[in-house]
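Peer 1: Chain X is already provided as a structure; the job is to place chain Y with the ligands on it using the hints.
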Amino acid sequence: MDNVDKEPSMLKQKEMIGAHFDRLAEAPAQGKKVVYTFVPGNLTELLLSFDVLPVYPEINALQSAMRKRSGDFISEAERIGHSEDVCTYVKCDIGMKRSGNIGPTGKPIPKPDLLLLSYTGCFTFLKWFELLREEYDCPVVLLHTPYQADGEITPSMREYMVRQIRSEVIPALEKLTGRAYDEDRLRECLELSRQAEDDMVHVLESAQNRPSPIDAYFGGVFYIGPMFTAFRGTKAAVDYYAMLKQEVDARIARGEGPITPDGPMGPEKYRLVVEGPPNWTHFREFWRMFSEEGAVVVASTYTKVGGVFDFGFRHDPNDPLGTLADYCMGCYTNRSLPQRVEMLASYAKKFSADGILVNSVKSCNSFSAGQLVILREVEKRTGIAGGFIETDLVDARYFSAANVKNRIESYLQMIEQKRSGKTEEVRA
Amino acid sequence: MVDAKQTVTEIVARADALYHDLEFGAVKRWKETHPGGKVIGCLPTYAPRELAHAAGMLPVYLRGAGDQVEIIRGDAYFQSYICQLPRGMIELALSGRLDSFDGFLFPAICDVIRNLSGIWQLHFPDKLARYLDIPQNFDVEVGGRFYAEELRRLLTDFEQLSGQKVSDDALRHSIGVYNTHRRVIQNLMDLRSEKPWLVPADETYLVLRAGDVLPVEEHIEMIKQYLQSVVELERPMRDHSRVVVSGAFCEQPPLGLIRTLERAGCYIVWDDMTISARFIAGDVSTSGDPCVALARAFIEQGVESASVYSCKKKKGSELCETVRKAGAQGVIFAAPSFCDPALLDQPMLQTALDQESIPWTAFKYAENLGQFQVIREQAGTFSDSIRLWGA
Ligand code: SF4
Ligand code: SF4
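Sequences listed follow chains X and Y, in order. For the first sequence, this note's numbering begins at 1393 and goes up steadily by one. For the second sequence, this note's numbering begins at 65 and goes up steadily by one.
I should point out that these hints are in silico values taken from the structure, not numbers from a laboratory. The beta carbon of each residue, even a glycine, is placed where N, CA and C say it ideally should be. Hints may be right or wrong, so weigh each one.
Said to hold, decoys possible - When the alpha-carbon atoms are kept at most 25 Å apart in a straight line, the in silico PhoX-like pairs for lysine-lysine are as follows:
{"#": "1", "chain 1": "X", "residue 1": "K1661", "chain 2": "X", "residue 2": "K1489"}
{"#": "2", "chain 1": "X", "residue 1": "K1489", "chain 2": "X", "residue 2": "K1424"}
{"#": "3", "chain 1": "X", "residue 1": "K1499", "chain 2": "X", "residue 2": "K1404"}
{"#": "4", "chain 1": "X", "residue 1": "K1661", "chain 2": "X", "residue 2": "K1741"}
{"#": "5", "chain 1": "X", "residue 1": "K1398", "chain 2": "X", "residue 2": "K1503"}
{"#": "6", "chain 1": "X", "residue 1": "K1503", "chain 2": "Y", "residue 2": "K191"}
{"#": "7", "chain 1": "X", "residue 1": "K1503", "chain 2": "Y", "residue 2": "K377"}
{"#": "8", "chain 1": "X", "residue 1": "K1489", "chain 2": "Y", "residue 2": "K379"}
{"#": "9", "chain 1": "Y", "residue 1": "K378", "chain 2": "X", "residue 2": "K1503"}
{"#": "10", "chain 1": "X", "residue 1": "K1810", "chain 2": "X", "residue 2": "K1797"}
{"#": "11", "chain 1": "X", "residue 1": "K1772", "chain 2": "Y", "residue 2": "K191"}
{"#": "12", "chain 1": "Y", "residue 1": "K191", "chain 2": "X", "residue 2": "K1567"}
{"#": "13", "chain 1": "X", "residue 1": "K1489", "chain 2": "X", "residue 2": "K1406"}
{"#": "14", "chain 1": "X", "residue 1": "K1489", "chain 2": "Y", "residue 2": "K378"}
{"#": "15", "chain 1": "Y", "residue 1": "K377", "chain 2": "X", "residue 2": "K1567"}
Unchecked claim - Pairwise CB distance ranges (calculated):
{"#": "16", "chain 1": "Y", "residue 1": "A140", "chain 2": "X", "residue 2": "N1798", "range": "20 to 26 Å"}
{"#": "17", "chain 1": "Y", "residue 1": "D353", "chain 2": "X", "residue 2": "P1547", "range": "14 to 20 Å"}
{"#": "18", "chain 1": "X", "residue 1": "P1547", "chain 2": "Y", "residue 2": "S351", "range": "23 to 29 Å"}
{"#": "19", "chain 1": "X", "residue 1": "G1423", "chain 2": "Y", "residue 2": "D232", "range": "34 to 40 Å"}
{"#": "20", "chain 1": "X", "residue 1": "I1472", "chain 2": "Y", "residue 2": "H84", "range": "37 to 43 Å"}
{"#": "21", "chain 1": "X", "residue 1": "E1407", "chain 2": "Y", "residue 2": "A140", "range": "31 to 37 Å"}
{"#": "22", "chain 1": "X", "residue 1": "K1567", "chain 2": "Y", "residue 2": "Q289", "range": "52 to 58 Å"}
{"#": "23", "chain 1": "Y", "residue 1": "E205", "chain 2": "X", "residue 2": "A1572", "range": "20 to 26 Å"}
{"#": "24", "chain 1": "X", "residue 1": "Y1528", "chain 2": "Y", "residue 2": "A140", "range": "39 to 45 Å"}
{"#": "25", "chain 1": "X", "residue 1": "K1503", "chain 2": "Y", "residue 2": "Q292", "range": "57 to 63 Å"}
One chain only, chain X, in its complex shape:
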């Protein structure tokens, strides 16, 4: 968001991220250990309690896309034999590694000392770290998160997770760092997580206001940044969310809408719930297609991939390992399709949405397989208008701007017609 006046929270987040990448660049010289792990179901608090630095390959991939580098990286991966058909996050990461592993701040990202494969909500993660394991000569520890197929966490699932954390993950971290597991330190981190989570939920829920002071998808991806990555469990994250909350509350008090890359958004005309990840290669252009039409996203499921907090879950310092297990199992893509439908339908109601739009990304079977059914179910249950667009995460070849814009416009028209009582069906 370079073109607009930045709010203090934006500057703070930028500073936090910059400092993290600086620490990473200096890690080898400082003797700090680096652990690669995934965003969904990450064990950041546990990692922080061992004083190691996390790296999230998906974040590298999306940042590469925002810097327009992902195309080259994907080509590089395809050149060495990766199929055109598979998840582009993986290819972007492999290509980036092969091209020197330079991070978003232009500094190199160090090699991992440990690969913590937190395998939550996506099978591709398994393959991704098997691939990374071939690239790096370092130990791997896997945390298998059972899927909530029946919409619940059974005691056996929970026990399985806790046992893995206790008997595999913690010993691996102890071995890596030479430090003993410090449960009190972990509890402190979890308490900080809990505080930040309260404020983040407050921010996401603020979209119930009219106008919504936030865009819970395009803006939302910035708001979840610290929470889903290296900062959950830190004082910096607590401060960031307190600051963000204040700013959002002030916008509500002033009756203002969200701030977009082009400045404050105009009058709110459409309130949407969005399912699916965004496109990163044309992120601003994509956002603009909505904001220019006065469409604001009031709730999104993508902002729940690194944890679902708005239905009451908070990290619990009193049950450190159990809470980590519950957190991982609760992440959005680890939930069954009926749960996802339920969640989207509840968002439609709670946030008084005019429509539900699916952005289906080619890369991600975890999100995408079944989205057409999800859409029809939510439409059926809520009566609101459904729309469907197709893009990709980091592969620009699958972002057809004219086509996407067209579809969004006809979708918004359909909402307009529905509103004015016209029955003609115009399918986005």
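Peer 2: Chain Y with the ligands in isolation, oriented as in the chain X frame:
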């Protein structure tokens, strides 16, 4: 000799009819002769069919709609970049072809099958739609314990569906039956690698696929008879290359494609198209807690597969070993389009093969592929190159 030929012809004809019958007549007939009996449809790759068997149910592997059913409704359920198998499944279900099934089991092999379980829960709420998480932790005390509990939970669901309580002895008996099944299949696989000209790929494939739908006892007899008879035939040994086919463990290639490979000069001496019945190598223990035994076997005797995290051995080492054991000269990677597990696995497997100088070639297919000419040429060139020049 005449008898043997006739027996083989009859067996293959029966297997072929079962393969082509997507109305599942065999399932309906089983239900007629087993009043009140329940049928559970299992998706790929591996389902612990012993549990269903012990509950008096008929477990049936379902592998999409192949190339025989026109997909009319299924395409409205999935985006173009998702593989073909789930569309076929939806088509079969919505067209009423699966009405005689009482439940469905969705093993944890990929996000598509995982999410398909949710579609089933939403669309067919009166049928059991059960997802089975398989462990990715291979410590018997951690992943093994979890999986044994999952199996117990599944068994309870089967008991409820069938209305039949399953004793440990009954389950141990079923394990024993499936041990026999695994053994006869292994005998067939051994013959394939020893004398592939006796057991052509399409025949073997059909005979093995018959086990998707037949009661296990009948399938054991079918394979035994096939083996007994086929060794008596005088089938000419051709100057073919010997290949392993890898990557086709879920959505299946059309039968025409399998025939094409052989016609292009390749004896398929091993493949993972029929890996479901061989997912556990060797016998499962028939003593002690039977769910623990099944869980242990999965962890300790499970084969390398794209859907199982590989931590026991270096990735691809099992494929190299298979190539050696089967006396193959090369590997054909045949994967369904858009199949993340198979396609993400490939570069690692290919590297492992390269390191051992084992030649390979790769192509993609869909279950409803109709044109095989390009693949025929590719396979033919590959076969010639490994046969004539060793690479
Ligand atoms: S398939 Fe989806 S969840 Fe999995 S790594 Fe790719 S983008 Fe992430
Ligand atoms: S073909 Fe591949 S992606 Fe499709 S359902 Fe089977 S394993 Fe999953």
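Peer 1: Holds or violated: the 23 to 29 Å window for the beta-carbon distance between P1547/X and S351/Y?
Peer 2: Holds, at about 28 Å.
Peer 1: Given the hint of 37 to 43 Å, is the C-beta distance from I1472/X to H84/Y inside that range or not?
Peer 2: About 41 Å separates the Cβ atoms of I1472/X and H84/Y, which means 37 to 43 Å holds.
Peer 1: Check the hint pairing K1503/X with K191/Y against an upper bound of 25 Å on the C-alpha distance.
Peer 2: violated (49 Å)
Peer 1: Compare the distance between the alpha carbons of K1772/X and K191/Y with 25 Å, and conclude whether the hinted pair is satisfied.
Peer 2: Roughly 21 Å separates the two Cα atoms, so the pair holds.
Peer 1: Check whether the Cα positions of K1489/X and K1424/X lie no farther apart than 25 Å.
Peer 2: Answer holds: K1489/X to K1424/X is near 20 Å, not above 25 Å.
Peer 1: Could you check the hint for me, namely that E205/Y and A1572/X are 20 to 26 Å apart, CB to CB?
Peer 2: holds (22 Å)
Peer 1: Does the structure keep K1499/X and K1404/X at a Cα separation of 25 Å or less?
Peer 2: holds (20 Å)
Peer 1: Keeping to a limit of 25 Å between CA atoms, is the pair of K1489/X and K1406/X held or broken?
Peer 2: holds (24 Å)
Peer 1: Range first: 14 to 20 Å. Now tell me if the beta carbons of D353/Y and P1547/X are that far apart.
Peer 2: holds (19 Å)
Peer 1: Lying within 20 to 26 Å: is that true of the beta-carbon distance A140/Y to N1798/X?
Peer 2: The hinted range 20 to 26 Å holds for A140/Y and N1798/X, with Cβ atoms some 21 Å apart.
Peer 1: Between K1503/X and K377/Y, is the straight-line Cα distance small enough, at 25 Å or below?
Peer 2: holds (23 Å)
Peer 1: Regarding G1423/X and D232/Y, is the given constraint of 34 to 40 Å on their beta-carbon distance met?
Peer 2: The hinted range 34 to 40 Å is violated for G1423/X and D232/Y, with Cβ atoms some 55 Å apart.
Checked against the numbered hints above, the structure violates hints 1, 5, 6, 12, 19 and 21; every other hint is satisfied.
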